[in-house]
Amino acid sequence: MRWVVVAGLVAWTSVATAADVDFNRDVRPILSARCFKCHGPDAAARKAKLRLDTAEGAAAGGSSGEPAVVPGKPEESELLRRIFTDTETEVMPPPAVKTPLTAREKAILKDWVTAGARYEPHWAFVPLKRPAVPVLPNPSGPLYTPIDNFIQARLDREGLKPSPPADRPTLIRRVYLDLIGIPPTPEEVDAFVRDPAPDAYEKVVDRLLASPHYGERWARKWLDLARYADTNGYEKDRPRSIWPYRDWVIKALNDDVPFDQFTIEQLAGDLLPQATLAQRVATGFHRNTMLNEEGGIDPLEFRYYAVVDRVNVTATTWLGLTFGCAQCHTHKFDPITQTEYYRLFAFFNNADEPELPVPTPQQQQLGDQLTAQIRQLEAKLPTQLGTLRTLGAFARWVAQNRRRAVPWTVLRPKTLEGGLTRLSVQGDGSIVASGDTTKRDLYTLTFENLPESITAIRLEALPDDRLPAGGPGRTYYEGPKGDFFLSEFTLTAAGQPVKLARASSTAAGQAIDGNPLTGWTANNQFGTRSVAVFFPARPLTARTAQLELLFERYYASSLGRFRLAVTTQPGEIKPTELPHEVESVLTRDPAEWTAAEWGTVFRHWLSVAEELKAAREPIEALRKQRPVPPTTLVLQERPPENPRPTFRHHRGEFLEPRERVEPGVPAVLPPLPPGEMPNRLTLARWLVSRENPLTARVTVNRHWQAFFGRGLVRTLDDFGYQGEAPTHPDLLDWLAVEFQEPTVPASQAGSGLPWSVKRLHKLIVLSATYRQVAHVSPELLAKDPENKLLARGPRVRLEAEQIRDSALKAAGLLSAKMYGPSVFPPQPASVTTEGTYGGLNWKVSDGEDRYRRGLYTFAKRTAPYAMASTFDAPSGEACVVRREVTNTALQALTMLNDAVFLDVAQALARRVMAYPGKTPDRLTWLFRLCLVRSPTAEELARLTKFYEDQRVRFAIDPVRADAVAGRGPDTPERAAWTLTARALLNLDEFVTKE
Amino acid sequence: MSLIARRHFFRDCGYGIGKAALASLLAGSMAPAADRTPKPDPFAPKKPHFPGKAKAVIHLFMAGAPSQLDLFDYKPELVKLEGKPLPAEIIKGQRYAFIRPDAGVLGPRFKFARHGQSGAELAEVLPHLARVVDDIAILKAVHTDQFNHAPGQIFFNTGFGQPGRPSMGSWITYGLGCETRNLPAFVVMSTGSGISGGSACWSSGFLPTVYTGVRFRNQGDPILNVSSPDGIDAQMQKDSLDLIAELNAVRLGVVGDPEIATRTAAYEMAGRLQTAAPELTDLTKEPRQVLELYGVQPEKPSFARACLLARRMVERGVRFISIYHEGWDAHSDVSGNLKSNCGATDQGAAALITDLKRLGLLDSTLVIWGGEFGRTPMVESNPVLGRSLGRDHHPQAFTIWMAGGGIKPGITFGKTDELGFHPTEDAVHVHDVQATILHCLGLDHEKLTFRHAGRDFRLTDVFGKVIKPILA
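These protein sequence lines are chains A and B, in that order.
The first sequence lines up with residues 4 to 997 when you count with the numbering used here.
The second sequence lines up with residues 63 to 534 when you count with the numbering used here.
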């Protein structure tokens, strides 16, 4: 067995026995890469009617009629003839596609056919079964968790031995950086080094898993997948408020919300029974898509792209499948059809995208208090003036206003039509719009049994909490939220256009001027009522009419809630500001008013009476104190009466919808549970069901990568045919099953429930595999440069946030403040202004907000925080499964010269100066602050020399010393310490976990 | 080697000479040097697919979309039809950003004349370009898929309308590496009001992030953090870099991870950048005639200054330079907009051609001038927005020009209908332009691929044809 593996590393030599060719490992990658594009699942692209991705297809052959593969008979297999032939017109793949088979690949295919041409199901689609943990009679290293058995079993086969454990300072730094993202203090290191308890390390691990910083560290990784950012993206790239979602992720991870629940709440929290505020906030995962606010765009087109993104990100994050390939055509490699792509699309296409106010508990409490106080004060209003005066003033007001009041009759349309917009009539006769809105919306309403001789038509634009900024309009991008733009108000009666002579205001008149470029708007009055009245040139005699409301502007701006009323009152009509329910009472004889109607009028009087103005002032003052809750972006499933249909889009193009499709999952995966509503909630539950072969494998693999720098499957985002096979298939499956069905009793960490991420982390960091030293011998480097086999510990460059946070922590500057709106640490203003269309004035935060952890830094998509992008942090424009790890000159310049790192170096210098002891003691302490371990004698000698050299030079140049150290006492010395600290921050070791 | 001997070795070798190699030597006690060398340099010059004429590219991106109808594509018919709507069959089904498709026609705003031996027609607001018109190829029938700025700009730069794919500069530096290690391979400058597509326009997308364009800024350090903090002089910086290299070498000896040597190499390059960037931006040694040719005041940021810097970068081996000049989005007063933007860019762009030619660099430098789409033959006028005599976005046909490295000079390619609405002859899509740019560099756009998310991606997606008739 072993010689085969070794030989395989060098060159494939033909082997005679069937067992040695593994279809999944050896054959499918070749067929997939070289053949499937033309002979794979995509029927539209299939050449010569031949498909090689199934055994049936290979046996049947193509249009030539010859079977492509005859098991066990290489000489009869057309496939082999065509790949071995020298005839240019016959050889496969055709020379034009420029992907010739290598001699080794040809040999493998021949051996496979000889051995029986067995097809096997793709490893990632095979249902998960728990593999047996290998038994190692003579282990070559400690076996702390079953992970070690799998790893060592493989090392044994390769003739390798595990590395010795890392020393305690190295190990504690590693596990701190991995679990909470910041290094330990020298005191924490000392405590661990001195702890003789056998479970000293486990205690550290448990403490870190319980630390609130754990959630901050792991939230950042999840936010890369969620493509989180604090701006909308595209040209305008305006700020958005979705940080409550970011905080939800931190809390969920700290609470060890099991990954199945974590999944369900983010994908479908709004659909859970009695969804809590937090569960709705969680749906922000898929609201992190971008929003194009550029003037003139087609909003539905960019909504389509956002849904495409949701589909692709879901498939990448949970299924590890490159679903995006099937947007435009059936997948070239994996068994996913284009229709199946749009079936998955349909789940995500049926949601609205509102903004949700998220009051903090304190705000909620304050709001409740204020409301109670306001109620108390309001209750006192009727007695403020004394009974006699009150009654007198009220009676006068009623008499005055009865003369003004206009008798309006609310119209209830017989039919309503709004195109993509759904219009529905409410109990009060108002009409609410929902569904989609575009740059040009036309509402058509018809009326029957109209009163005779209509002299005026009133249009009330009404507020509604369901609308952006409380309405009355539906504008949600580009223009002011809640705005509307009524371009034209066109009335037709009995088939004839009705001439409207004038409107109640100049602004309203723009809706009847025949010019669609002008219109009536909310005039910056949001969350409140606006009224326009239109007057026919002659009283309207027809009893039926059709009304068209046209909303046309370079961004969507239709009305979200409105009400129509008419009056037949002759003579001049002056519209009042009176609320409809008050005015309608006032037009009737008070003798007929009910007690409730008296109450309506009286309450209104209390809110407007001149005589009570002074008494209302404290109420107004309290109202102004009401806290404005932050908002966040959420998904909200559409109501059943108004679903959004989904179509297959030819070539993936927005403008080419074809046949309608219903929600569903790809046939290659287990079906949805029968009888369940095919909605996002069912999809989310299906993703984390025990039957799903992918989600657990993909998830544990991503976590493995986070610790070891490489996944067991290297292609974290591709578990399909083109992905790489796992290095340790049994370990991957064991972890995936153990994740869902915990058996190892080792852990008190986290909830202990199935799908506990903290438990998974503990299992990994407690392993001997994880605890190995990261040193690499030349032999090992030659044999396993990528550390696939894990004969040594991980050594990986830190992520941008870890680097910044570690530096701030070492300097004692790092703020422990958690949560809240994103902050603006120092960086040159030009980063977010120069050459950026949607420029942002980067007003540097004050106080501790300058020193918050990196995940709280304001993330602007079109101009990201410079330090973070230099160290490969994503912009939030796309889902990032694995950050690139680069090593560049620009990173060096950042570490050397960026103001933040100079600030850190200066703070470190101040800390060192306050540390008692001689130069070597101080140097050692500084070294430990930055790198955790203690310096060697050689390192200490070099650093001492450097420090002394600089001190001498600063002593004769105090101006320079001031500039480097910042003002204060002992500048030459402090400046020298600053430079020494700066050098330590720039060592490879500082930016590396090892 | 003893400690002292090592230190001498460093000192005597001077600054910046193969520190990484030294680091390997120092680690010699532990392992053979070959195992400890830095990872292969991602910018090491690579062979093209076939010999290409161009070695470098300067992309003058006129963000906001200049009006082809008022600069290049003269349409007398529009004068005749001014004020009248276009025929219904032309405007049917077209989407516009701001105007209604039945808006009236707007005639060209400027006088046109023929120039040079090629007789190319140009508007009077491009007097400088008129002088080099025989050196450029004008493409009058370019079309794109996008009609909004951010997607349009991202599309021209990455071949796709959404952020997330690698930009041309990233693809090209990934494909060819770079001739210098003292400056970035791919530089981005901006001289106008702001780029709608943002950093997605020079993003490396899913290519390794090292291929991201490096911003050269107008304010402060040309490259962020390229100057040492106040008070740290060259000697201190050198001492610091030496100490970092020494301590990294010591650690390399213990840990054995070649990544450490790579880090040291990156610090060496940072040191070289600190010298090379100020030298590059110091225009005081440029002859007066050259400064006058461009119309540059050495310290004042301008498009012309960016053009001159681009020429200096090409001389120093930079592979791809993007200069964004934004502000052509003439929804109102297209005439005033063009006067102002041509005033800011015409001389610099033309001077770049003249200067490259004078230095013998034009044959090996590809220059591209153009925006993300064109502008409508119809007028944009909207009293509510205070707009009049403007033009809206027009993706169906627009004009760009290309010059130098591999492009046939003195030609006009492509025609549009008499209204300038649709191409009628030699239409080229943006993907074709991209394929052609790669071709000029010796890159086959179908072969320059990168495996991501399960498939091989390329700049031109699954489209694009090299525009052979414009090749020299």
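Treat each hint with caution, since some may be false.
One-sided excerpt, in silico: chain A residues whose CB lies under 7 Å from chain B [what the hints assert, rightly or not]:
1) E297
2) L553
3) Y557
4) Q725
5) E744
6) G842
7) R945
8) D991
Just so you know, the hints here were simulated from the structure itself, not pulled from any lab data.
A virtual CB, placed ideally from N, CA and C, is assigned to each residue, including glycine.
Here is what the structure says about each hint:
| no. | hint | result |
| --- | --- | --- |
| 1 | E297 | 5 Å, holds |
| 2 | L553 | 12 Å, violated |
| 3 | Y557 | 5 Å, holds |
| 4 | Q725 | 5 Å, holds |
| 5 | E744 | 30 Å, violated |
| 6 | G842 | 6 Å, holds |
| 7 | R945 | 6 Å, holds |
| 8 | D991 | 4 Å, holds |
In summary, the structure is inconsistent with hints 2 and 5 from the numbered list given earlier, while agreeing with the others.
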